[in-house]
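> Below are the chains, spelled out letter by letter.
Number of protein chains: 2
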Amino acid sequence: MLEKTDLSLTLDKKVYKSELKALKSRLEELQLKIIDMKIPVLIAFGGWSASGKGTSIGQLVLPLDPRCFNVYTMSPSHDDLYHPFLWSFWNKTPEKGRIAIFDRIWTRLALPEDDHGIKLTDKERDGFYYDVNSFEKQLTDDGCLLLKFFMHISKDEQKRRFKDLIKNSDTAWRINAEDLEQNKQYDKYIKYFNEMINETSKPGCEWSIIEADDIRYAVVKIYRIVVSSIEAEIERRLNPPALPQKPEPKSKTKPILSLVDLSKTIDEDEYDKKLDIYQNKISELGYKLYAKRRSVVIVYEGSDAAGKGGNIKRVTAKLDPRGYEVVPVAAPTLEEKNHHFLWRFNKKMPKDGHITIFDRSWYGRVLVERIEGFCTREEWMRAYKEINDMEQHLSNNGTIIFKFWLQIDKDEQLKRFKLRQENPLKQHKINDEDWRNREKWDMYDLSADDMFAKTSTPYAPWTIVESNDKKFARIKTLEIITSELERRL
Amino acid sequence: MLEKTDLSLTLDKKVYKSELKALKSRLEELQLKIIDMKIPVLIAFGGWSASGKGTSIGQLVLPLDPRCFNVYTMSPSHDDLYHPFLWSFWNKTPEKGRIAIFDRIWTRLALPEDDHGIKLTDKERDGFYYDVNSFEKQLTDDGCLLLKFFMHISKDEQKRRFKDLIKNSDTAWRINAEDLEQNKQYDKYIKYFNEMINETSKPGCEWSIIEADDIRYAVVKIYRIVVSSIEAEIERRLNPPALPQKPEPKSKTKPILSLVDLSKTIDEDEYDKKLDIYQNKISELGYKLYAKRRSVVIVYEGSDAAGKGGNIKRVTAKLDPRGYEVVPVAAPTLEEKNHHFLWRFNKKMPKDGHITIFDRSWYGRVLVERIEGFCTREEWMRAYKEINDMEQHLSNNGTIIFKFWLQIDKDEQLKRFKLRQENPLKQHKINDEDWRNREKWDMYDLSADDMFAKTSTPYAPWTIVESNDKKFARIKTLEIITSELERRL
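So the sequence lines, in the order shown, correspond to chains A and B. Positions 53 to 541 (the working numbering) are the ones given, in order, by the first sequence. Positions 53 to 541 (the working numbering) are the ones given, in order, by the second sequence.
Treat each hint with caution, since some may be false.
Remember, identical chains collapse to one label, so a pair may be satisfied in a single copy or spanning two.
[What the hints assert, rightly or not] Computed list of lysine-lysine pairs in BS3-like fashion (alpha-carbon distance at most 27 Å, straight line):
id	residue 1	residue 2
1	148	240
2	65	506
3	506	56
4	316	171
5	76	478
6	85	325
7	492	467
8	316	470
9	522	236
10	207	316
11	481	189
12	73	316
13	462	189
14	148	215
15	215	175
16	144	403
17	389	90
18	254	148
19	403	340
20	148	478
21	478	370
22	437	467
23	506	470
24	389	148
25	333	69
Calculated directly from the structure, the hints in this document are not laboratory data.
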């Protein structure tokens with residue numbers, strides 16, 4: 053593919069100047085529409101070293117208002133290397149109405165070694181490509197306009213540019229051994245890059261190859277694609293395709309949550325004894341996790357007043373406070389709403405060696421947001437796969453995932469609500485919304501059923517925890533966490 | 053000081069249990085007041101290795117709701133090392149109504165070498181202590197409750213704990229050569245720590261020394277101090293001391309801005325020629341900055357429509373977009389309002405080797421916020437010193453600072469406002485507020501006068517840029533930036 057590109061294409065200086073002027077003023081206008089229509093735009097650059105990425109980005113941002121774009125250099129920071137590799141990409145995805153420009157994307161994946169310098173197996177590379185395609189699809193499904201430019205130059209041109217840069221003592225440092233290697237092994241790299249372009253050109257997420265031996269030609273081609281793609285996106289939004297109305301599927305079976313045996317209890321003495329044992333064990337396991345740089349994600353879901361907070365406290369009681377974080381999840385802020393719904397959770401994922409406990413989670417999408425109509429049917433239907441892909445990506449990174457559903461029955465909930473209202477220290481934990489949610493008990497049962505069926509995976513299984521007896525529930529979660537961690541570490 | 057501490061203090065297990073239980077439930081209550089009264093609390097731990105910081109923090113957070121506290125391990129990240137050393141502390145300061153717990157604070161400063169392993173001169177150490185004390189004073193002046201605990205253990209006890217940790221293969225990795233060195237040279241370290249405690253115990257920011265050979269004694273002492281300090285802070289807020297009313301000082305001299313010669317112009321040809329020269333020069337200087345890891349901060353202030361945006365674009369036109377960021381400053385968000393006013397700016401400070409351009413800045417505090425009454429008189433009066441200290445801290449880090457005031461006269465402003473209203477592409481740049489600000493022209497003149505007088509420092513001087521002729525203004529800023537950078541690099 054790259055071999056067949058015609059790199060002799062050039063643009064006369066005069067034509068360049070007048071074309072660029074027109075394109076710039078068009079982009080200046082379009083940017084107001086992007087803000088107005090709240091379109092998130094991601095423009096990513098890949099390609100050879102010294103292929104003119106910096107120059108192209110520099111030209112592209114000139115007509116843009118600094119209030120609505122960001123340029124990101126994507127070479128991984130120290131922190132990035134301690135997270136799943138998509139983490140840093142997720143963090144930098146554009147808010148609605150903003151343009152994010154990535155300097156470098158995915159080219160690193162093309163190489164036979166990863167960021168840590170470890171040789172990749174075919175299976176690992178396939179995993180990477182799967183994750184990349186899923187990430188891009190999630191963004192575009194969510195309304196993001198994604199443009200990817202591969203800056204292509206010839207071997208001779210690259211050599212010439214390296215020479216020029218090295219001649220000047222102020223720019224010589226920009227060229228390192230890896231860059232020179234690229235030129236020496238140009239043909240091998242073409243093979244890598246071809247594969248990467250092939251593997252990551254899915255519908256709506258295709259690469260545009262930019263002939264960049266002549267930088268003027270390259271800049272104008274990029275501008276043209278940017279301008280026409282934004283125009284097309286605006287047009288698409290003004291005339292959205294009609295979606296077929298599908299009827300809500302009806303479940304014929306009894307919901308699984310109605311079948312849970314909530315009579316299970318534990319006696320006081322056994323509780324005290326086991327609590328002590330497990331808490332000491334989990335504390336030790338926490339240090340082991342840190343030493344082995346493995347991370348853990350624990351998700352708590354369940355009805356209101358099911359005892360999530362108290363359960364979490366029993367898990368963390370003897371953990372080193374520097375090794376874990378509890379993330380309470382409430383309604384998204386405005387900024388969070390202006391991103392893909394997984395953005396805010398991705399940001400909170402643990403650094404390798406750490407534990408993050410989510411008190412409610414991304415499953416809100418297929419529970420409360422589905423039930424209350426906070427998102428469209430199409431959005432929550434899509435969310436099951438998006439969630440599975442995210443958890444698989446974590447798991448590929450070595451993260452150990454627990455998902456607990458704490459279940460109580462309606463009578464028990466009523467009892468606990470009343471207790472909360474009577475206790476001045478706990479009154480802040482109960483409000484009108486809790487009472488309203490209670491009326492939707494059956495819809496939660498149904499949604500939870502779908503959720504268990506679609507998101508219980510080998511790498512991230514659900515556990516339903518019988519929680520009418522809080523103490524029983526605490527010991528059960530501690531038991532599962534400690535035994536699984538012992539098995540995996 | 054530390055030598056005289058009585059480390060034989062212990063607490064009986066039974067007393068410990070009952071005391072702790074009472075203190076925990078008191079802290080649980082107080083936390084609701086902290087949220088209600090929007091008190092920011094910062095609890096910081098310093099002290100010897102293996103002195104029980106982790107255990108103490110673990111106990112302290114048990115009664116707290118995860119919704120309102122964060123624990124931070126303060127060992128510097130890679131990113132932290134590329135910023136002024138207070139940067140990471142600023143980033144983690146608590147929002148109003150939240151508790152931030154720092155594991156380690158300032159102890160690193162006590163050592164004869166800095167984070168990069170470079171030996172410190174006395175002058176540098178004095179600079180560090182000045183910056184630390186200024187930082188702490190800014191937080192407490194802003195209403196933050198600051199508690200600092202120094203965990204003190206004896207040489208023998210430390211040795212015993214190291215042995216225990218090393219014996220167990222799961223914990224052995226927690227002890228490194230530096231820790232062992234601390235025990236070997238215990239007496240020397242006492243001297244360092246004493247000095248640090250002395251230098252950073254200013255009124256309202258004193259260290260509490262915690263006798264920690266007996267961890268039970270330590271935990272209860274910490275709890276008592278935390279509980280009583282919060283109680284005192286609540287009391288203080290309910291009965292604030294009356295502030296004396298001072299009359300607004302009246303300036304007798306003509307404001308400096310009224311004396312600026314706005315007739316200066318540049319002719320078209322000279323402009324084109326110089327623009328080209330300076331833009332090429334600044335582009336090269338940008339790479340030099342990066343190679344030398346020096347950072348640059350450029351502040352733009354001035355009347356509405358003075359041409360800040362256009363001026364900034366001429367500065368950045370040929371800069372590598374990966375090396376600079378333009379930060380447009382608007383009204384603070386709710387989260388930003390819940391922090392010290394400098395918090396949001398500190399977060400945006402450039403990484404070493406990069407340029408950050410602020411389109412409006414922290415000077416809003418002593419301009420619009422002073423004039424509109426968005427902060428108290430006491431707050432903006434205090435701000436001059438806070439700003440100077442922040443800029444000095446940047447300058448100590450090697451950051452080169454430019455501050456430009458773009459000045460136009462009232463007639464020129466009116467002309468530009470009208471032009472904006474007529475141009476559909478620029479209508480979004482003008483609103484009612486701009487017209488209202490225009491009516492307060494004289495008050496801005498007066499405030500700017502005070503600002504120039506109080507914040508023009510050798511390390512961060514102001515330049516007034518005559519901007520009735522936009523082109524003249526652009527060349528003037530470019531000239532100043534390039535010549536100063538050439539001098540400093």
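> State for each hint whether it applies.
Quick rundown of the hints versus the structure:
1. 148 <-> 240: For residue 148 and residue 240, neither the intra-copy (39 Å) nor the inter-copy (57 Å) Cα distance is at most 27 Å.
2. 65 <-> 506: neither (58 Å within a copy, 51 Å between copies)
3. 506 <-> 56: neither (44 Å within a copy, 65 Å between copies)
4. 316 <-> 171: For residue 316 and residue 171, the Cα distance exceeds 27 Å both inside one copy (50 Å) and across copies (64 Å).
5. 76 <-> 478: between (59 Å within a copy, 15 Å between copies)
6. 85 <-> 325: neither (64 Å within a copy, 35 Å between copies)
7. 492 <-> 467: Cα proximity of residue 492 and residue 467: one copy only (18 Å, versus 61 Å across).
8. 316 <-> 470: within (23 Å within a copy, 76 Å between copies)
9. 522 <-> 236: Answer is neither; intra-copy 66 Å and inter-copy 49 Å both fail.
10. 207 <-> 316: neither (71 Å within a copy, 51 Å between copies)
11. 481 <-> 189: The answer is neither: 38 Å in one copy and 35 Å across copies each exceed 27 Å.
12. 73 <-> 316: neither (74 Å within a copy, 29 Å between copies)
13. 462 <-> 189: neither (40 Å within a copy, 53 Å between copies)
14. 148 <-> 215: For residue 148 and residue 215, the Cα distance exceeds 27 Å both inside one copy (42 Å) and across copies (55 Å).
15. 215 <-> 175: This pair counts as neither: shortest intra-copy Cα distance 38 Å, inter-copy 45 Å.
16. 144 <-> 403: both (17 Å within a copy, 17 Å between copies)
17. 389 <-> 90: Classified as both: same-chain Cα gap 12 Å, cross-chain 25 Å, threshold 27 Å.
18. 254 <-> 148: within (23 Å within a copy, 47 Å between copies)
19. 403 <-> 340: within (15 Å within a copy, 34 Å between copies)
20. 148 <-> 478: between (38 Å within a copy, 21 Å between copies)
21. 478 <-> 370: Intra 24 Å, inter 59 Å, cutoff 27 Å: intra-copy only.
22. 437 <-> 467: Intra 37 Å, inter 57 Å, cutoff 27 Å: neither.
23. 506 <-> 470: neither (35 Å within a copy, 60 Å between copies)
24. 389 <-> 148: both (9 Å within a copy, 23 Å between copies)
25. 333 <-> 69: between (69 Å within a copy, 22 Å between copies)
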